[in-house]
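The lines below spell out each chain.
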Amino acid sequence: MKNIFRRLIVCLLPVFFLLPPVDAAFSATMPAKTVAQPLLLLLFGWMLSSTLPLHPRASSAPSAVIMATLLILFWMIPRSIDLTQIYPSANALYVLSLFAAGSLLSLYFPLLPGVARTVYALHSSSMIVALGLLYAFQSTLLCSAYTLEDQHGSGWMLVSVGVFAYLLVLASMTRWLAQPAESR
Amino acid sequence: MPSDRRTAVGPARRGLGALICLLILGGGGGLLYQWTFGFSAFTSYSYALGKAGPLPRAAPEISFVDQFGDERRLASLRGRHVVLHVFYGTCLNICPIIVEELRQLYSDLPAEQRSKLVILSLSVDPVRDTAERLLDLWREVGAFEGWIMAQPADDSMDRVMREFGIWVFAKTDGTINHSADAFLIDPDGRIVRVFSPQANTNTEWIRGDLEKYL
Chain A
1 MKNIFRRLIV CLLPVFFLLP PVDAAFSATM PAKTVAQPLL LLLFGWMLSS
51 TLPLHPRASS APSAVIMATL LILFWMIPRS IDLTQIYPSA NALYVLSLFA
101 AGSLLSLYFP LLPGVARTVY ALHSSSMIVA LGLLYAFQST LLCSAYTLED
151 QHGSGWMLVS VGVFAYLLVL ASMTRWLAQP AESR
Chain U
1 MPSDRRTAVG PARRGLGALI CLLILGGGGG LLYQWTFGFS AFTSYSYALG
51 KAGPLPRAAP EISFVDQFGD ERRLASLRGR HVVLHVFYGT CLNICPIIVE
101 ELRQLYSDLP AEQRSKLVIL SLSVDPVRDT AERLLDLWRE VGAFEGWIMA
151 QPADDSMDRV MREFGIWVFA KTDGTINHSA DAFLIDPDGR IVRVFSPQAN
201 TNTEWIRGDL EKYL
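Protein chains in written order, with this note's numbering: chain A, 1 to 184; chain U, 1 to 214.
Keep in mind that the hints are not guaranteed to be accurate.
Okay, the calculated beta carbon distance ranges per label pair [stated by the list, open to error]:
id, chain 1, residue 1, chain 2, residue 2, range
1, U, 213, A, 12, 41 to 47 Å
2, U, 145, A, 20, 48 to 54 Å
3, A, 50, U, 58, 56 to 62 Å
4, U, 37, A, 160, 45 to 51 Å
5, U, 162, A, 136, 29 to 35 Å
6, A, 156, U, 61, 43 to 49 Å
7, A, 160, U, 128, 25 to 31 Å
8, A, 123, U, 75, 49 to 55 Å
Derived by calculation from the structure, the hints in this document are not laboratory data. C-beta: ideal position from N, C-alpha, C; glycine also.
Could you build the full structure based on these sequences and the hints that come with them?
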């Protein structure tokens, strides 16, 4: 009973993000829309998978991770962000697809081989830093719904998130390498 | 992650996995390719511009009503260079900056060069930017003979914007998001250059290159 309640709560989280006051709060600034909201959606999506009785197959892991990555990439494009500001249906798709991407990553990412996981994590965090630098230094407006100051703020926030993620991956990689070979 | 979640992978399943993987990669990559106009346009502005076609290209035929209420055609300006940009009078964001930078540029030009150039400020807000309002704005920027403040005649706004490659979206709060690009149309009626404003560059985003054409 407790588990069902937990699942229900997690499943309703995307609806929470679509509630007009919550959506308005996230859409008000670019850092909230392009950094905070996607991170929270991925995190809640990740949490959802732990409540579901699924048994993912390792053979599906690359496809699932690629699909999740493509979904995230799509919503990193400024034109896609504009779309969420114009059409409520696109905004709903944004919320649901990032939530789903979080779930897919949670279920399948751990099933990838260690080297693939490390390369993926290092590459993703580097890309976040690169995107952040682009936003931070671009002198033309990329997302029509926000101001240039907003864009620069969003860029620096992405840089911080990317650097933090990169260091985290390096730390876990070092810890893994420090273990005796037979226990890896 | 516990290792008991992993299941043994046979060659057939691995092959099927690889095929699905390629299909997802191909389909997703194709979608991203379409969405970004061949990975070349990542913003709404650049997509609209890319979709309108490569430069140089013929400027679309447009009719507009100027600040004096007279209906005119873009073709009537042939023989002079035209810098066309869009704006709206109640904008508190980029429009006043662009108009001020163009005013500065235009007033700095030597009389001979100025006589070869028309600035056409096209309003994307025909409801609020009436001819009277445009006349006031025109006076505010210096009442230059070669500066036209206008709004598209009839219902051609959508077509004109699409054919030029200008992205416009009217929000429910009354503000209008739009491309800030300025289009240089040569005396033969071809769009030969698109200038994109850069923050904190004063008029440099347009001045140097524009003077080469005049």
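Hint check results:
Hint check: residue 213 of chain U to residue 12 of chain A, Cβ distance near 59 Å, so the stated range 41 to 47 Å is violated. Under the hint 48 to 54 Å, the C-beta atoms of residue 145 of chain U and residue 20 of chain A, about 50 Å apart, fit the expected range. Residue 50 of chain A and residue 58 of chain U have their C-beta atoms about 59 Å apart, which keeps the hinted 56 to 62 Å range intact. At about 31 Å, the beta-carbon gap between residue 37 of chain U and residue 160 of chain A misses the expected band of 45 to 51 Å.
At about 32 Å, the CB distance of residue 162 of chain U to residue 136 of chain A agrees with the hint of 29 to 35 Å. Hint check: residue 156 of chain A to residue 61 of chain U, Cβ distance near 46 Å, so the stated range 43 to 49 Å holds. Checking the proposed 25 to 31 Å range against residue 160 of chain A and residue 128 of chain U shows it is violated: the Cβ atoms sit about 41 Å from each other. A hinted range of 49 to 55 Å for the beta carbons of residue 123 of chain A and residue 75 of chain U is consistent with their spacing of about 53 Å.
In this structure, the earlier hints numbered 1, 4 and 7 are contradicted, and the remaining ones agree with it.
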